[in-house]
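Model the full structure from these sequences, guided by the hints.
Top line first, the protein sequences correspond to chains E and B.
First residue of the first sequence? That's 25 in this note's numbering, and the numbers climb one at a time after it.
First residue of the second sequence? That's 2 in this note's numbering, and the numbers climb one at a time after it.
I should point out that these hints are in silico values taken from the structure, not numbers from a laboratory.
Honestly, I wouldn't trust all of these hints.
Stated by the list, open to error - Here are some chain E residues pointing at chain B (derived, C-beta under 8 Å):
| id | residue |
| --- | --- |
| 1 | A159 |
| 2 | M163 |
| 3 | P212 |
| 4 | V213 |
| 5 | M267 |
Ideal Cβ positions, reconstructed from N, Cα and C, are used throughout, including at glycine.
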Amino acid sequence: MRDVHVVGTGMVRFGRHESTSFARLGAATVVEALGEAGALPRDVHALYCGTVFGGPTAAQRIARECALTGVEALNVENACSSSASAFRMAWLGIAAGAFDCAVVVGVDQLTRLGGGVLPLDEDDVEASNGLTMPALYAMRAQRYMHDFDLAPGDLAAIAVKARKHGALNPYAQIRQETTVDKVLGSRPVASPLTVQQCCPIGDGAAAVVLAAAGSKLGGPGPKVKVLASHLTSGRYMQGDRDMTSPEVTVRCARETYEACGLGPEDIDVVECHDAFTIAELLYYEALGFAAHGEGIGLLRNGTTSLGGRTPFNPSGGLLCRGHPVGASGTAQLVEITRQLQGRCDARQVSRDGRTPRIGLAHITGGGTYGFDHAACCIHILGTESV
Amino acid sequence: MNGYRQLNSSCVIAAGDRVDLLAARCAACGYFIFPALTCCPRCAHTHFTAATLPRHGTLYSYTTVHIGPAGAKVPYLAGYVDLDSEMRVFGHLAIDEGDVAIGMPLELNVRSSAAGRFEYAFTARCVTAPQGEGA
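Okay, here's the thing in structure tokens:
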């Protein structure tokens, strides 16, 4: 397999973009990423688009906007993991030698859905009886608090941390700080989760250009290499499962670390799937940064805050950057790439006084019965000095 | 009592005044699933025997939903109930929020809501299920 580099990134601030067409929203980020890479349309051999609600042939509609027609184009739907999965497909094609350069774009416009919780499959035995994504995470939270003796304020502290990071990120949908009392006093969504503990509804897009090592393409800062790319799906389990230990992420993380020979101790910065406050706590543990039941310690001692040993979600994460579902995977990879290149200004992660060298992006999702989640995708990126 | 979509008569087994939810047991390995699938998730066998969901269980976790699916009446209390070691079922909890506790014993009640339509919910104590209308 050939080494693959992220040679360009593009992103719009997440928020309300309902007056911009889906294709133009995506195209803006593709054009930015191509410009950063110094790539012309003729340099691009493939285009992969991750979207959940973007409708048929999203990649081709974006391609038409930015002079990328006539290339191999593929649309990837994998719930919240859609554009991370698209990134993996592009990585696989380049690593295998099928082509040398690909663009990956993630886009969604949730404001067009009319508000409320994400629609789920009406044929699903749980969704048809009233299960929602906030309700699913809320039940994990309720059980976690019961098993490990946490209070609602412990979960609220995760939102406070996310808001501190998001306030520093010009790309974040929510940039206002908050307090534990404000989090707990905000509108209830699914107890114990309040609205400030849930990712907002918004629109957004993010794109990257990937190229085979040795390519003339490349933007500012050190070269960023894909050190690991792993995608898996949920394993069917209807009973006898611990919902405080997310099966698909635990397994995906273990397989990712085994494949690249790295472990949590090697990671300088993480973007994880914090769709709800409880999620970040579960994923500290599932990604191997804390033992089961001990994740809250990382928050309390500052390990996962900016300035700590391993900051999680310096972007503000899904909670603050926002979560237009199909866009979040590439948005995480844009953030990790820019962090490793030292380009993140006020929210820049520093490790022992230097720019971070290895970052991890984790995204999971898909609410369908019998699974922890339908999909989980983890990427580890590193600078060439690794 | 049960969200915005109801079960039809192919989802239940009714006998006398009892209505149970139809589940499936793998004919080869005995794995218990709800609802039936094309292949057994454990051994990939394609033959199943009809089974019913147990009526008694304990509450694994719960939430009060304040923002529900489109059309659902809120708030409602819902949770995951362990009916035995290998079967956890999500459903509405027809109990007061102040009485709910992880580990509490619950009973699965299926009732006919209209001709050929059924709904289910979990209650804290035994109640007599209403007459089913045939399966």
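Comparing the hints with the structure gives:
no. : hint : verdict
1   : A159 : 5 Å, holds
2   : M163 : 4 Å, holds
3   : P212 : 5 Å, holds
4   : V213 : 5 Å, holds
5   : M267 : 7 Å, holds
Of the numbered hints stated above, none is contradicted by the structure.
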